[in-house]
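Here the protein sequences come in this chain order: S and C.
Under full-length UniProt numbering, the residues of the first sequence are numbered 1 to 701, in order.
Under full-length UniProt numbering, the residues of the second sequence are numbered 1 to 701, in order.
Keep in mind that the hints are not guaranteed to be accurate.
[Unchecked claim] Taking lysine-lysine pairs in the BS3-like style, the calculated list, with each CA pair at most 25 Å apart, reads:
(1) S:LYS248 x S:LYS165
(2) S:LYS551 x C:LYS551
(3) S:LYS43 x S:LYS145
(4) C:LYS165 x C:LYS468
(5) S:LYS164 x S:LYS248
(6) S:LYS551 x S:LYS165
(7) C:LYS145 x S:LYS43
(8) C:LYS248 x C:LYS164
(9) S:LYS551 x C:LYS165
Bear in mind the hints are in silico, worked out from the structure with no lab data behind them.
Protein chains: 2
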Amino acid sequence: MSKLQDLLRILDARVAATEDQVFNYTVPDLWNCFDYQGEELRKTPWGELVVNPYRFYRDAIRRFVEPRMGRVRTWGKPLSRHLDMEPGLEGGDWIRRATVYSMMVRTSTAWDHDRSGGLEDADLYGLRETGTFVKSIALLSLLHKMGVTCVYLLPISRFSLRDKKGELGSPYGVSSFFSLDPGLKDPMTGPDFTVEDEFRAFVEACHVLGMHVMIDLIPRTNSVDSELILEHPDWFYWIRHADLAGYKPPYVPGLGVQIRPRAEFLPVVYQSAEVRQHLAKFVENPGQAQPERWAELQAHLRADPGAAVMDEVQRRFGLTIAPAFSDQINDPQPAWNDVTFFRMYLDHPEASVPHLDREYAPYILFDVIKANLYQGKVRNEPLWELLAGIIPFYQTQFGIDGARIDMGHALPRELVERIIRGARHVDPHFCFIAEEMEIERAAVARELGYNMILGDGFLQEPRVLEFKTHHYMYEARNLPCPVYACGETHDTPRLAAREGGRPLARMLTILNLFMPNGVPFLNSGQEVYELQPMNTGLDCRPNEAYQLDPKDPYYGRLALFDRYALHYLNQGRWELPDQLAWVSAFRRDHIATFTRLENAVPLGFNSPRDPGIAFGFVEDALRGALVQEGGVFVVVANTDVHNPQYLTVHLDALRRASGNAARRGSQLFSTHGLARDVHDFDTHGNLSMSFQPGEVKLLRM
Amino acid sequence: MSKLQDLLRILDARVAATEDQVFNYTVPDLWNCFDYQGEELRKTPWGELVVNPYRFYRDAIRRFVEPRMGRVRTWGKPLSRHLDMEPGLEGGDWIRRATVYSMMVRTSTAWDHDRSGGLEDADLYGLRETGTFVKSIALLSLLHKMGVTCVYLLPISRFSLRDKKGELGSPYGVSSFFSLDPGLKDPMTGPDFTVEDEFRAFVEACHVLGMHVMIDLIPRTNSVDSELILEHPDWFYWIRHADLAGYKPPYVPGLGVQIRPRAEFLPVVYQSAEVRQHLAKFVENPGQAQPERWAELQAHLRADPGAAVMDEVQRRFGLTIAPAFSDQINDPQPAWNDVTFFRMYLDHPEASVPHLDREYAPYILFDVIKANLYQGKVRNEPLWELLAGIIPFYQTQFGIDGARIDMGHALPRELVERIIRGARHVDPHFCFIAEEMEIERAAVARELGYNMILGDGFLQEPRVLEFKTHHYMYEARNLPCPVYACGETHDTPRLAAREGGRPLARMLTILNLFMPNGVPFLNSGQEVYELQPMNTGLDCRPNEAYQLDPKDPYYGRLALFDRYALHYLNQGRWELPDQLAWVSAFRRDHIATFTRLENAVPLGFNSPRDPGIAFGFVEDALRGALVQEGGVFVVVANTDVHNPQYLTVHLDALRRASGNAARRGSQLFSTHGLARDVHDFDTHGNLSMSFQPGEVKLLRM
């Protein structure tokens, strides 16, 4: 039962039905890396293509995906069923060889197709202008060109529209784990094909193209408007509705700002007057306190499924769900009004009980939040069961291949293990990524069963002047598991908007393909030098949300909350895709060489303060063979993104490791120049070359 | 037989037939000054309207023109038939009260309606994207808003596509006087409605809106590919085809550059070696030299009307038509390859014959060109008859109200008189404008029967720093006929592209409404601060054709030759139209006051070097009544377009003329401020006010 084939049939019918219709519907030319040949196609000078949408998206499947299907007609199972897993890459470790593209479906294929000036839900042609799974299949041609092998999707579940942030609300405010965001449904397919069907078709298409699909699992927080509240009021924390306006993370004097809630701080925390006032706001959950009235409410609302649950709860009980806030003591962030925490335990944290001055209703506090550090005695077993069941649901229903666990660091260890175990039971090669930014905690994550951690590349890599880039890239190889080789995420500033601009973005985007122990990670929009962040969550400057020209229609808009389309028409939009295409293809042809850590040799320069990063790679098949010439690659970057530099790369370590003694080589690729022969060796046999600002070269010798 | 009604019916049918069709077809919002209400209308944030084209252009007639028709259903006759002509404005002098809008149909309503990046002949919807008469009817709503009462059309006749300049060729290379440019035909109306019908409908619409229609008559030059050549080879000058490559205006040593061919220069001219070589290139016309072979050619070509006449002539006779060139001796302009001159006389100029060293075939030279100064003895009577018949043809066929005579200054006086007489015979109020830039020659023009001359406002007005503006505006009132009050034409730089930019353009555009003895003249595009000239014929800088951003699709393009759309989306596009709307309406309400010369009083400042221009006007009805307060208007401009100024306007002359002794007044309008009371009089009773750069104020006192 291939949903991709169903989709193809539906689109075929639509194409036939619209043959005579004139469409002035545009897509960015970057979406057409499948050489669309529709007769009606017109190319505008600025990079938009005028197409019949049905034919365009149909042909993305017919011309690009279908020919790659081979004999397998149904690609809806996890990709591991279709691939032979190489030894050493079992158990989700395929991620070591992956190139990840992080996309937010709603945004990554958003486009003002009818050029009306807005991203409508129904444009002139009744079509959705924010992103959909169907449109994303066309985008896969671009991803495929760039060498992407894993698509990581920001949350796609139904989220709350109550007290929503921005124009559309944040997909991180999940209100239902088991249904998809109806805003991703594409009207092109009609009402009989569900958004779930469309997601299935999308996953199939990814699999055909050899791409794994990962989702974002959000088990720690939930929308304050969650559909779970009605049936499970005891899974949540409650306050009086009247106290909501004044609700905020309580201040703890004497501890400083942004402090992790270590055990020795608990006495101080619980002595804080603000903390005690905070605790006093919490009340018993209304289901337990007034069971009959709650049952009445349930009956009332079950009879009227469209009603606003929380309005009714607030009206009848004067109570509401307590918002979540940061797990760090004295974090300046306000409370997160759209989400709350799940009650992982039905009692207070064991370690905190001695500090309580009286009985309190279940409350949210730093210790409670960090359920990995502070457990109660009574597990919320039904909740855990539900949370552990989410991924198996997506595996069996949609065939996903991996997940990132959001705030996994604040989950009880046993729950994490249960989630991982459950998923691997369905697919032993299911990959888990820990939302762990502290690379020192890589070992813990690995031990829990994660395949890799996020790391904090987005924080380190852009800081070339402080040599944090160098430190991050050279040190990653010492970690017990891979980290993302990345300079931006959906939560951070864009590389092209950082000090260093496009030269920095280009340098890091290419160099990241070669960071030992790194998994290259592209953040949707990065490939077109997008300036505007999707969210201002991490490492952002005060003006971060205002990176665009004030006349830009998306000025001040954030993709995570607003209708937003990436700047696919940016000048130079093909630069990174074209470079990535070449470099990725080369890397894929030598994937073992570039991804097996034992082949990588970090290389130095004349001085540790020289603005360069260099790695040597011994060709995997020749390792230990001590060949005098050939079989060795060198990747060098000039990390000075403002000035040309003359750099001397010391090759001793590489020559020792490989036996290579060559005094000539070839420049296979450069971000700034053409392929050429290389004779630029000094008397010590070191590479001595000039570089453009931010230039990255790939050499063979 | 109203063609406007026919057009309306055709469009009604098209609207009905396209009810269900989705159109992503845009027009600039400036074209919609008739408050279009189509349900499908969408407004983009940048000023384009998405509309059903049939309904939009239909409603421009239905909602805007039709309600103004009154009981008259057929407005196809000259407007003078429909209006009572005021005493003093007979014989074409209605132009004294006109506000003229100069438009080039092909350009003024050109738009990339389907936003494909080009101005196609058939866009996505099969519609023409260069301008048409049908589309121009919608534009009339903008013109009407701005107070335009006379539409002057650059040539609309069929022109030659042979050796054409630019992408489309110049409409000044007329190849057929009696048929219209088929490129102006609008596919919207289908093949049964001709471009002639469309022009008729356009003229009717203009008349309904109280606008006269003038055309550009080009009787001196004709296309080198004219349809007249085949029947009248003797009306043209011939050279050997082999000499065409080296053909140029001959140089006359010892006379300097750009010299008018005065009689005393003739000996020098004819002694020039280059002139003699030039004369030697001319040959007898092939019709006379080889009458049988010419008759064969005629027979051959009559049998094959689509054939390229000149190719055949060149092939059979080795001859071609001699191109025209400037009438000035040693003008640096090269020959005008697309046009030639008509042979006004069948012999050489009488005055020049004594200087000829031998017999020459009919030739083009400075004296020959200036047929007003140098006549032969043998008039080319059939040609004159034909030329004199052109305007009556347009009058009876289309109902036009006036004409500018191109290069009238180089026509035999008798021919000009015959043309004028013929037109006035059909319509005694037909207006003639002389293409006369030398204002000293106004009296001659007036005597010939012209109603006004062009003047050289475009040359004088922009030069505020040199006080040429002041001189032009103050002196115009002394001329025996009106001149254009204008700062740009289709041949000159744009005001907004001049030193002074938009403040200069705004100041002159508004002030021109009040220049005594001036006829306000707007050059299409001027109202949106267009930067790119339509042609670089007059007063242009070397970079004049490159006023746009290099990324602009029309960078380096000239409307006279290329596909070109005006920048109707310019920021500030409504500024001048809105200001013109208010000022024009006010002026219309006091039209006698502002246009009768005897009401105007030039006003001075403290010093003749003060950067100001001011005129007082005595209310027409109160002239001679010596009213102490009220009944007087003052228009003042700060001609310093870079700095604010404090100006003192001396009112003595105005107070003497009117008896006005008021020490208070009202500012009715300012280009920069709001209406307010005015008490800014000094002890001498003079107006003493501050002005923004380029500000124009209209005061009543």
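A quick look at each hint next to the structure:
1. Distance hint between S:LYS248 and S:LYS165 is fulfilled; the C-alpha atoms sit about 18 Å from each other, no more than 25 Å.
2. Note on S:LYS551 and C:LYS551: the hinted pairing holds, with a Cα-Cα distance of about 18 Å set against a maximum of 25 Å.
3. Between S:LYS43 and S:LYS145 the alpha-carbon distance is near 20 Å, which keeps this suggested pair within the 25 Å criterion.
4. Restraint check for C:LYS165 and C:LYS468: the C-alpha separation of about 34 Å exceeds 25 Å, so the hint is violated.
5. Simply put, S:LYS164 and S:LYS248 have alpha-carbon atoms about 18 Å apart, close enough for the 25 Å limit, and the pair holds.
6. Only pairs whose Cα atoms come within 25 Å are accepted, and S:LYS551 paired with S:LYS165 is accepted, the gap being roughly 23 Å.
7. About 37 Å separates the Cα atoms of C:LYS145 and S:LYS43, which puts this hinted pair outside 25 Å; it is violated.
8. At roughly 18 Å between alpha-carbon atoms, C:LYS248 and C:LYS164 fall within 25 Å of each other, so this suggested pair holds.
9. Using a Cα cut-off of 25 Å, the hinted pair S:LYS551 and C:LYS165 is violated, with the two alpha carbons roughly 38 Å apart.
This entry does not satisfy hints 4, 7, 9, going by the numbered hints stated previously.
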